[in-house]
Structure formats: C-alpha cells, structure tokens
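Residue numbers (my numbering), protein chains in the order written: chain A, 1 to 101; chain B, 1 to 167.
There could be a bad hint or two in this list.
Here are some chain A residues pointing at chain B (derived, C-beta under 7 Å) [said to hold, decoys possible]:
id, residue
1, V3
2, L15
3, V32
4, I48
5, V72
6, V74
7, I93
From chain A, some residues computed to sit far from chain B (all C-beta separations above 10 Å) [what the hints assert, rightly or not]:
id, residue
8, M67
9, V68
10, L99
Restraint-style ranges between C-beta atoms, simulated for each label pair [unchecked claim]:
id, chain 1, residue 1, chain 2, residue 2, range
11, B, A137, A, T87, 22 to 32 Å
12, A, A56, B, K86, 19 to 29 Å
13, A, L54, B, F135, 33 to 43 Å
14, A, G55, B, Q90, 18 to 28 Å
15, B, M73, A, D95, 13 to 23 Å
Just so you know, these hints were derived from the structure itself, not from any lab. We put the beta carbon where it would ideally sit given N, CA and C, even for glycine.
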Amino acid sequence: MTVPVGAYLALSAALFALGFTGVLVRRNALVVFMSVELMLNSVNLSFIAFARQLGAIEGQVSVFFVMVIAAVEVVVGLAIIIAIFRTRDTVDIDDVDLLRG
Amino acid sequence: MELIIFVAAAIGALAGGVGVIASRPPVRSALSLLLVLGSLAVLYLALAAQFIAALQVIIYAGAIVVLFLFVIMLLHARTGEARAEKLRGQRTAAVLLAAGFLGVIVAVLRSRPGAALEAAPEGFGTAQAVGRALFTAYVLPFELASVVLLIGIMAAVVIGRPSGTRP
C-alpha cells in the first residue's frame, strides 16, 4: 500500500507547528535556533514530497540550496550566540533586551 | 511496506520534534533534533530522493548537530532556563497560535485531496539527476552558494573571535 502525498504534507505541517511553538515558547537561544532548524526541515520535507508527486527535480534542487543556506545560518547564528554569551554571560533571549523600547 | 516505513519514520520525527521543544537540558534537544533529521532522511529515501537523503545525513546530522553540541558544551552549565515567564500567558498564546496555524494548513490539505503517488521515473533523485540540474539550469545559484558559504566562514571567524584581538 502506498502513502498519499497528503500524509507527507500533514507530517510536514505538524513538524512546522512544533518548531513554531518552540520558537515562541523557549527562551534558551540555542533551543530557539534548533526549532528554526526544525521548521526548515519540515519545509524541506514538503519540497521533496512535491518533487516526487510532480516528478520534477527542481524540488530537490531547492532543498539543496535550503541546506546550504541553513548551514551558513547555523554557523553565523552560533557565532552570534557565543559573542553574546561572552559579553553578557547569558543565552536567555529575555535577558538580551538592549533594544527594548 | 511503504506505509510501515512512513509510520515508523513519522512517529520518530514527531517524537523528536516534541523532544526538541520540551526537554530542559539543551543537549537533549540537540539529540532529539538528530532523531528528527534521521527520520526525515528515511522519508526522503521513501520519496525517491537518495542524494538529498545522503546530504541530510552528512550536512545536518554530521555537521550542524555536531556544531550545536560543540556550542552547548562550550557554553556549559550556565545555559539553564529560568522558569518564570516574563510575558504573562506567553505559553498558552504560543500553543494556541501553533494549533491554529496547524488547523489552517490541515484544512487546506483536506480541501484538495492529493492523488496517490505514481511510480517515480527511472533514476529520479539520484546524485546524477540532481547534479545534472545543478550544473546546467542552476549553475549560477550553485556558484553563488559557494560565495555565500565563504562569506559565512569569514563572518563566523570575525564574530566569534574574542573582542580586542586582531585576526
């Protein structure tokens, strides 16, 4: 028995909602960052599912570029987190509020 | 057969996703993320995307999660989270928003029932097929990606070095 493409899309939506919740709820910058990765991955899953459904390789090429950008984003983001930790001694995003109005 | 693989991988991915946002020590979140990434690699294989599945394991599981673990260990001990909420009702609002978002997407999915998948064309999703697309139609974005990676490396070095030192 084959799995309909909708099942993959539903799983992707569920993972995206989980990442969404993580970004809104958690205050540890590292965990927020991991939740962002979770959302990126859920979108990758729907890209792959659509590529398979339409028989178009472009979906997989898009995932390739998303992965490249995600890798760069993680490297720069973690560097920023380390820099913040060095100067303010915290990774709690509620403590980093210099720009608060 | 495909159904069994899908259900197993989906359970793994969802359990890992809950683990990422619910576990208290960040190390456990990182390992849960690893579970999600592994399950997704299995699903990519089921969707005839061998090359992307391999990339997923190498880049995400091999590099990104390891980087997360390094940083967690570097920042050791003081990465705990205060229990008190600064913003009242933040948690409830977040869960409600996410549930509403999920509801909207599921409603959209249900309004357009997708057709069952046909057999993938021969050689779909192999390194050869993806590589051919990358080096013909998408060669410019591919080259730009290398520039972006280089800029990322330089940015990490510049931002990450201790303040006051010259490179």
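Going through the hints against the structure:
1. Residue-level restraint check for V3/A holds (minimum Cβ-Cβ distance to chain B is 5 Å; threshold 7 Å).
2. Proximity of L15/A to chain B holds as hinted, the smallest CB-CB distance being about 5 Å (cut-off 7 Å).
3. Hint status for V32/A: violated, given a least beta-carbon distance of 10 Å to chain B, over 7 Å.
4. For the restraint placing I48/A at the interface with chain B, the shortest Cβ-Cβ distance is roughly 5 Å, inside the 7 Å limit, so the hint holds.
5. Annotation: V72/A was flagged as interfacial toward chain B, and the flag holds, the nearest CB pair being 3 Å apart, inside 7 Å.
6. Annotation: interface hint on V74/A holds; nearest CB of chain B at approximately 5 Å, less than 7 Å.
7. Taken as an interface hint, I93/A does not check out: its beta carbon lies about 10 Å from the nearest beta carbon of chain B, beyond 7 Å.
8. Distance to chain B contradicts M67/A as a non-interface residue, since its nearest Cβ pair spans about 5 Å, not more than 10 Å.
9. Some Cβ of chain B comes within 10 Å of the Cβ of V68/A; the nearest lies about 5 Å off, and the non-interface call is violated.
10. Every Cβ of chain B is farther than 10 Å from the Cβ of L99/A; the closest lies at roughly 15 Å, confirming the non-interface assignment.
11. The given range of 22 to 32 Å is broken by A137/B and T87/A, whose C-beta atoms sit roughly 45 Å from each other.
12. For the pair A56/A and K86/B, the beta carbons lie near 46 Å from each other, so the given range of 19 to 29 Å is not met.
13. Taken as a hint, the range 33 to 43 Å is violated for the pair L54/A and F135/B, whose Cβ atoms sit roughly 22 Å apart.
14. Taking the beta carbon of each, G55/A and Q90/B are about 44 Å apart, not inside 18 to 28 Å as hinted.
15. Take M73/B and D95/A: their Cβ atoms lie about 21 Å apart, and the range 13 to 23 Å holds.
In the structure shown, a violation is registered for the earlier hints numbered 3, 7, 8, 9, 11, 12, 13, 14, in ascending order.
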